[in-house]
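Can you build the whole structure from these sequences, using the hints too?
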Amino acid sequence: MGKLEHPHPTGLMQNPAYSHVVVASGTRTVYIAGQVALDERGAIVGAGDLSVQTTQVMKNIGLALAAANAAFSDVVKITTYVVGYRPEHRAIIGKARSPFFQNMPPPASTLVGVSALAAPEWLIEIEAIAITG
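Numbering (this note's numbering) for the sequence shown: 72 to 204.
Worth flagging that the hints you see were computed from the coordinates, not collected in a lab.
Heads up, simulated DSBU-like pairs for lysine-lysine below, C-alpha to C-alpha not over 30 Å straight-line:
#	residue 1	residue 2
1	Lys148	Lys74
2	Lys148	Lys130
3	Lys130	Lys74
4	Lys166	Lys74
5	Lys130	Lys166
For each label pair, taking beta carbons as the anchor points, the in silico distance ranges come out as:
#	residue 1	residue 2	range
6	Ala138	Ala118	20 to 30 Å
7	Gly82	Ala187	30 to 40 Å
8	Gly113	Gln85	38 to 48 Å
9	Val123	Gly82	31 to 41 Å
10	Arg112	Met84	34 to 44 Å
Glycine residues also receive a C-beta, built at the ideal position from the N, C-alpha and C atoms.
Structure follows, in structure tokens:
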């Protein structure tokens, strides 16, 4: 595992859902492609349900991290794309995402509202960057 520091910048509001700054030192950078709510057979999980889709996406990220000998504790940055973003989506996504980052500082995070993803049934896509070693 790489060393991660989460300094809190003076003058910025502290938010428990993400870190403004993550300083990573390590020897390996792991890039996880945007994950969507598909199971191992390629079937959609949670059609029409943002919470269920977010949970599946996070599970998929966990599988991808494990394949690279990494864990959620190694994640330094996530970017989330949400179709038809509305302010209430933030709480739904946060609640589904938080169990994967328990007992650790959250990564730096960006949330982007988009008009569509590559398939119409996908409501959310998340990509991640991790540092290990």
